[in-house]
Structure formats: structure tokens, C-alpha cells
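Chains as they are written, first to last, in this note's numbering: chain F, 368 to 619; chain W, 368 to 619.
It is worth saying that the hints were derived from the structure and are not from the lab. Take these hints with a grain of salt, some might be off.
Copies of one chain are not kept apart here, so a pair can be met inside one copy or by any two copies together.
What the hints assert, rightly or not - With a straight-line cut-off of 25 Å between C-alpha atoms, the simulated SDA-like cross-links for lysine to any residue are:
{"no.": "1", "residue 1": "K469", "residue 2": "H414"}
{"no.": "2", "residue 1": "K381", "residue 2": "G496"}
{"no.": "3", "residue 1": "K560", "residue 2": "P592"}
{"no.": "4", "residue 1": "K469", "residue 2": "G595"}
{"no.": "5", "residue 1": "K530", "residue 2": "R596"}
{"no.": "6", "residue 1": "K513", "residue 2": "N572"}
{"no.": "7", "residue 1": "K410", "residue 2": "N586"}
{"no.": "8", "residue 1": "K377", "residue 2": "G595"}
{"no.": "9", "residue 1": "K530", "residue 2": "Q453"}
{"no.": "10", "residue 1": "K380", "residue 2": "S432"}
{"no.": "11", "residue 1": "K530", "residue 2": "G574"}
{"no.": "12", "residue 1": "K410", "residue 2": "G595"}
{"no.": "13", "residue 1": "K441", "residue 2": "K469"}
{"no.": "14", "residue 1": "K590", "residue 2": "Q519"}
{"no.": "15", "residue 1": "K540", "residue 2": "Q372"}
{"no.": "16", "residue 1": "K513", "residue 2": "V559"}
{"no.": "17", "residue 1": "K383", "residue 2": "G454"}
{"no.": "18", "residue 1": "K380", "residue 2": "F533"}
{"no.": "19", "residue 1": "K513", "residue 2": "N575"}
2 protein chains.
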Amino acid sequence: MVSLQNEKVKLWKKLKTRKWREREQMYLIEGPHLVQEAVFSAKEHVHAILIDEAFHLPDDWPLDSIEVFQVTHKIFTELSQTETPQGIIAVCDLKSLSLTLKPGRFLLVDGVQDPGNLGTLIRTADAFGLNAIYLGDGCVDGYNAKTLRSAQGSHFHLPVIHKNLFTLADEMKQLNIPLYGSSLQGDELHQVKVSSPYYGLVVGNEGNGASPELLAQMNRQVKIPMAGRAESLNVAVASGILLYWLESARLA
Amino acid sequence: MVSLQNEKVKLWKKLKTRKWREREQMYLIEGPHLVQEAVFSAKEHVHAILIDEAFHLPDDWPLDSIEVFQVTHKIFTELSQTETPQGIIAVCDLKSLSLTLKPGRFLLVDGVQDPGNLGTLIRTADAFGLNAIYLGDGCVDGYNAKTLRSAQGSHFHLPVIHKNLFTLADEMKQLNIPLYGSSLQGDELHQVKVSSPYYGLVVGNEGNGASPELLAQMNRQVKIPMAGRAESLNVAVASGILLYWLESARLA
Chain F
368 MVSLQNEKVK LWKKLKTRKW REREQMYLIE GPHLVQEAVF SAKEHVHAIL
418 IDEAFHLPDD WPLDSIEVFQ VTHKIFTELS QTETPQGIIA VCDLKSLSLT
468 LKPGRFLLVD GVQDPGNLGT LIRTADAFGL NAIYLGDGCV DGYNAKTLRS
518 AQGSHFHLPV IHKNLFTLAD EMKQLNIPLY GSSLQGDELH QVKVSSPYYG
568 LVVGNEGNGA SPELLAQMNR QVKIPMAGRA ESLNVAVASG ILLYWLESAR
618 LA
Chain W
368 MVSLQNEKVK LWKKLKTRKW REREQMYLIE GPHLVQEAVF SAKEHVHAIL
418 IDEAFHLPDD WPLDSIEVFQ VTHKIFTELS QTETPQGIIA VCDLKSLSLT
468 LKPGRFLLVD GVQDPGNLGT LIRTADAFGL NAIYLGDGCV DGYNAKTLRS
518 AQGSHFHLPV IHKNLFTLAD EMKQLNIPLY GSSLQGDELH QVKVSSPYYG
568 LVVGNEGNGA SPELLAQMNR QVKIPMAGRA ESLNVAVASG ILLYWLESAR
618 LA
């Protein structure tokens, strides 16, 4: 058992804030489903596992290189970020997430504010097998507890990277990766021909979309045709449709 | 000013629960954006407007037939269902929402549990101009505060109707409306030809999808092709893609 004064416990508690996650390049995931996904899909990123004194670790998890700490119920409750803690937390590592850019398929997220929306975007990018998802400077943190929860483990399937999107757009252009931006002023999808197997898709803030300056860097601005009265779609729904459209063209 | 003992205030408070919404066939919406949308798009469904004593009603709202009640800040806070009340609530009426079924385009929602997901589904159905959205017996209430918030006013653009989906599927079959069910065991979209301008699309519960018994009533079960590792898409994202697919086929 470790005490509340323990240096490790103090550090883990700090990882609940974005500032300390960025400083330490570590983050927390919580609950048996997420931790299992991390242990089986991305074990090299798991530093340590913390369990409530009453929690029983499954015997078949490959934990050989991972430190396991049993903590008191009181400490566990202080570390937990959910209303109904499930007895297990893992400390994961962000360090190896910087990536050398190669031609591929990418989602670029500009200024999304809702952690649930961002998690759903990460899950959607994973479902379509994208090579990475990039979060621009104005985005909510990709590693906060709500985002991790709504992404349902997709963080362990593809890199989730905070990076300036203008810099990234320049790098993608140099690699001839076509850039598509979602915009209500764009061309309707059926008017646009997709010819490269690679792409970067830019989607934006819930209320205002992607920034005009960033959209100006795109090869093409595109819009989902809609016959109805809602002014716009939820950003995760719109992104799903645009990725389906890009993937259908790529695979056709 | 009306008092807490007032019969009207007592009724309005009860409308925070599903039981009383169903019994009285009324529901509450909150915040200037939603109330404005209701007043301008569906005035005939607005019974009354309640404002906090400090709230100033815009002069250009067409309120001629609508009763407006000013209440004390204390009463307003008791009626509000948000963390940061914005000073205005409307009491709306569910009564005229039963609909004679005619051939059209419909979304059928089976067992969705998350109010935010359901609101996003309603917004998406509205964006594509569907004729109605139907919620099956196991669904979360289409008129709870979170659902109304995440639907962003779409409730006033298309009927949102609770109804047994087996009964509805029978009625749709008699009208020759083809039924498509979203299912991980379905045919991939590119294998399916859509030939009718009308459809009913069934989507299901976040964890388990639509019930097998309901899916067995479909003309076709369909699946979004996905190259990646996430096991499934968020239900609202999947529904957006399926509606885009159906609409593209219809408009082609």
C-alpha cells in the first residue's frame, strides 16, 4: 500500500490537469475496459497500474513489465475522475507519440471544445483506420478523462497528437497530401472528385467551424449536401460522413 | 409574479420528470435560443413562457397568443434544469405530434440510452430533412432537457414521436416503405442498391445495436465498411453516414 504523502501519488494526482499531463508527458486512463485495451494494444505506453485495495486484476493480462500499485480506497477515490470509480487506473505515457510525417490519411481537428465530441472524433478516425489524428492549438486536451472515455480505447490504436495545424498543413503540402476542409461555403461532395489515396481532412469548432485562415490553406473546401432545416451537423457526425465519402472514393 | 404555491408552478415543476411529461403531454424547453426557435418555428406548440424577473423578452418575438409569466428568481431556479440558467423557459405541447403515416423518409431509434446521442440523432434527421423520427419503447425520453439541448431546436422542425417500432414497421411495410436496419452483420453499403425515394432506417442501442427481432423485420440489413480497429461507430455518427448514403442514392 502507498500513502497519500508518497511522491508517486502526488504526481498521479497532478496528472488530472492538462498542465501536468503536458509537463510530465503522461496521462491517466480509468476503468477495466480502457486499461485492458491499453495493456493488450499498447503495453509499451503503460507505466504503471493502480488498483483499489478491493480490485482483483485478471490473471491473463500480460503485466510482466508493468508496475502494479495497490492503494487504499481513500487514495483511489482521490485519483479517480469518475462518479462511480471501477477500481483500476493506468498511468500511460505520451512520449513516443511524435511521428515522422509520411503520406497517409489524417484527420485534423481545429478548435473543438467538447471533450465528448473530441473522443467521438478519435473513435471515428480509428474506425476508418486513419494513420493519425492531429489536434490544433485551440482544441480541448486529447488526453482528458472525458475524451478518453468517449474514445473507448481508440487512443491505443492510432496516434493522437497536439500540433500546430498551419505547420502541419505546410508539411502535408510538401508531401503532396491533398487537404480537404469542411466548410458550409464549400463545394457539395458530389461535385468533388477524390483522386489521391492520401488525404488530410480538416474539421472545426462546434459553433464556427474551422478558422478561415486554416481553410484558406486547403486544396478544396467541401460541404455535405443537406435538404433539411438544421443549420449544421454535429462535428463528429459531419466528420464521419466526410471520412466515409473520402474512404469510399479511395476504395472504389 | 406567481408564487411557489401556485398550481401552475407546481405543474411546471412536475414536467421535469418523464412520467408527468407523458401524463400531461407537455414538456419544458430552456434558454433563449431554443425558446426563440420554438416561437418562430412552432408557435402553435408553445403554451406559455416563463421568465426570470430580470429577463428582458425581445420585442420582435410574435407572442400574441402565448401567455407570459414573470416568476421570482427563486422559482425560476427551481424550474430550471441547467447549471447556468439563462432566464427563460417555455412550456410546450406534445399533443399534436401523432401523425398519419404517409410514404416518406424516417429514422427509427431502438433503445438509445444517452440523451446527448438521441439529441444528435434528432438534429441529424432534421439536417437531412426527414419527415419524422420515431423512438421505440426502450429509448430514453425524446423530450428530456439534455436531449432537447443537444438537438438544438430540431424538435420544432420535425415530429419526434414515441411509438412501438414493431407496429410502425408493419405499417411501413403496408405502405411499401423499404426498411433498412443498421447491423454489424449486414451487407456493406456498396453492395446495396437503393431504389425507392422513401425509406425507414432503423438504428439501435449504443452497446448492442438494434434488437435482433426488430432487425428481422427489415428488408435489408446494412453495414458501414470500416478499415480500422474501433469495433463500432458512435450511433449518431453511424446514423449520419447511413442517412447520407440513403440521401445520395435518392438524389442521384
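Verification of the hints:
{"no.": "1", "hint": "K469 with H414", "result": "neither (28 Å within a copy, 59 Å between copies)"}
{"no.": "2", "hint": "K381 with G496", "result": "neither (33 Å within a copy, 47 Å between copies)"}
{"no.": "3", "hint": "K560 with P592", "result": "both (15 Å within a copy, 20 Å between copies)"}
{"no.": "4", "hint": "K469 with G595", "result": "between (39 Å within a copy, 18 Å between copies)"}
{"no.": "5", "hint": "K530 with R596", "result": "between (35 Å within a copy, 24 Å between copies)"}
{"no.": "6", "hint": "K513 with N572", "result": "both (18 Å within a copy, 20 Å between copies)"}
{"no.": "7", "hint": "K410 with N586", "result": "neither (38 Å within a copy, 44 Å between copies)"}
{"no.": "8", "hint": "K377 with G595", "result": "neither (52 Å within a copy, 37 Å between copies)"}
{"no.": "9", "hint": "K530 with Q453", "result": "neither (33 Å within a copy, 36 Å between copies)"}
{"no.": "10", "hint": "K380 with S432", "result": "within (23 Å within a copy, 56 Å between copies)"}
{"no.": "11", "hint": "K530 with G574", "result": "within (21 Å within a copy, 33 Å between copies)"}
{"no.": "12", "hint": "K410 with G595", "result": "between (46 Å within a copy, 19 Å between copies)"}
{"no.": "13", "hint": "K441 with K469", "result": "neither (47 Å within a copy, 59 Å between copies)"}
{"no.": "14", "hint": "K590 with Q519", "result": "between (28 Å within a copy, 20 Å between copies)"}
{"no.": "15", "hint": "K540 with Q372", "result": "neither (51 Å within a copy, 67 Å between copies)"}
{"no.": "16", "hint": "K513 with V559", "result": "neither (35 Å within a copy, 37 Å between copies)"}
{"no.": "17", "hint": "K383 with G454", "result": "within (17 Å within a copy, 34 Å between copies)"}
{"no.": "18", "hint": "K380 with F533", "result": "neither (34 Å within a copy, 50 Å between copies)"}
{"no.": "19", "hint": "K513 with N575", "result": "both (22 Å within a copy, 22 Å between copies)"}
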